[in-house]
Amino acid sequence: MTVRVQREDFDLGAELAALRAGRTDLGALVSFTGLVRDTGALAAMELEHYPGMTEKALAAIEAEAAARWSLQASLVIHRFGPLVPGEQIMMVATASAHREAAFAAAEFLMDYLKSRAPFWKKETGAAGSRWVAARAADEAALER
Amino acid sequence: MTVRVQREDFDLGAELAALRAGRTDLGALVSFTGLVRDTGALAAMELEHYPGMTEKALAAIEAEAAARWSLQASLVIHRFGPLVPGEQIMMVATASAHREAAFAAAEFLMDYLKSRAPFWKKETGAAGSRWVAARAADEAALER
Amino acid sequence: MTTVRLRYFAWLRERVGEPSETVETAAGTVAELVDELMRREERYALAFADLAAVRVAVDEELADLTAPLAGVREVAFFPPMTGG
Amino acid sequence: MTTVRLRYFAWLRERVGEPSETVETAAGTVAELVDELMRREERYALAFADLAAVRVAVDEELADLTAPLAGVREVAFFPPMTGG
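Chains as they are written, first to last, in this note's numbering: chain A, 1 to 144; chain B, 145 to 288; chain C, 289 to 372; chain D, 373 to 456.
Take these hints with a grain of salt, some might be off.
[As the list claims (entries may be wrong)] Where chain B lies over chain C, by a calculated footprint (3+ residues, C-beta under 8 angstroms):
| id | segment |
| --- | --- |
| 1 | 291–299 |
| 2 | 326–333 |
| 3 | 345–352 |
Please keep in mind that the hints were generated in silico from the structure rather than gathered at the bench.
C-beta: ideal position from N, C-alpha, C; glycine also.
Start from the sequences, fold in the hints, and give me the full structure.
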């Protein structure tokens, strides 16, 4: 159960390898990676966050996932600062004995993180800069 | 859209990096890795398959996922032969613009693969060898 | 008479005692072929005793016991799959 | 009077024109504090014009506009979050 909030990029493969290193009690490992997607003319993205609250919010979301599902391990990494299209924004990984718990916990982490972790994306493109609007589906996903 | 059936191990990190290399159209990358889990006294596992049919079945399952969801990329790798606890058995990866499609397609691939790809696990432990029984939940998952 | 290659996997292979064989049969469906095999030798009777636990592929595609044999080159028998 | 540190993020920060400030207030709740700010200067009135689009954290925990200010050290205002 680890949370990291950082400016620098992360090595997805190395993180997943570390999560299962030396273990034989894991049956299923699920990862989600969020990437900067160029929807047309995206030049850059700036990811603002609320230092202090961010780490607390992510740790609380991870603890909630661990309380709901039988997880052997989990990891959340979220970046902040300037990003360009194609870059990794964040990742979650969940490890469990069975695939159902690993998938459900990873989706839960993403649903909660989207609407409860204090990050804000600002996109800069040909038409100027704009703050990304929250998708109604993301705030609604918490109701599931 | 790639399927590989192989005896040798795979590099999860390298596969995921290759899937998104040079692309800026992906927003979400989901991976599932199945691992040999030691449930007590597991010494080794032998994974038998049906060469010829295996590749066709996996390609058909992947094509079905691509027809149901908007996927930018997907990958299925499944090993056969002898394995020991902690080793990687297989992986699926799905890449899409949004997380919902990537998660749903990865779970679909796993549900179908579990019950429609011709692989059979034989476990050898302190009490001898036994063929792993299919979980009723796995065959039932296809009805979802 | 049709010439069909039969393949067995997992515990069906172990009970039959070989991974594959070629048979000449007049059976019209997979189910009739199974009946024929079960009457032929004890090891087949044992392998197919619980048909609910047997899955079938015809020419490398999942099929039912009711599948016809006309034009078929290969029939495979195996327990429920446990990949993933 | 309570001394509270206020923090603003994303477009709320841009509209208010600063990332944080410390205020003395007699407001009993976050909603009363927002009223006070909106009356104080145009830029606050603008930032808080659409309260449905404003989220609140009190001492680094998500909260409602109805949250009391007694004993609170820090209140943050920001739009719906868009991480992930």
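Which of the numbered hints are not met once you compare them with the structure shown?
2
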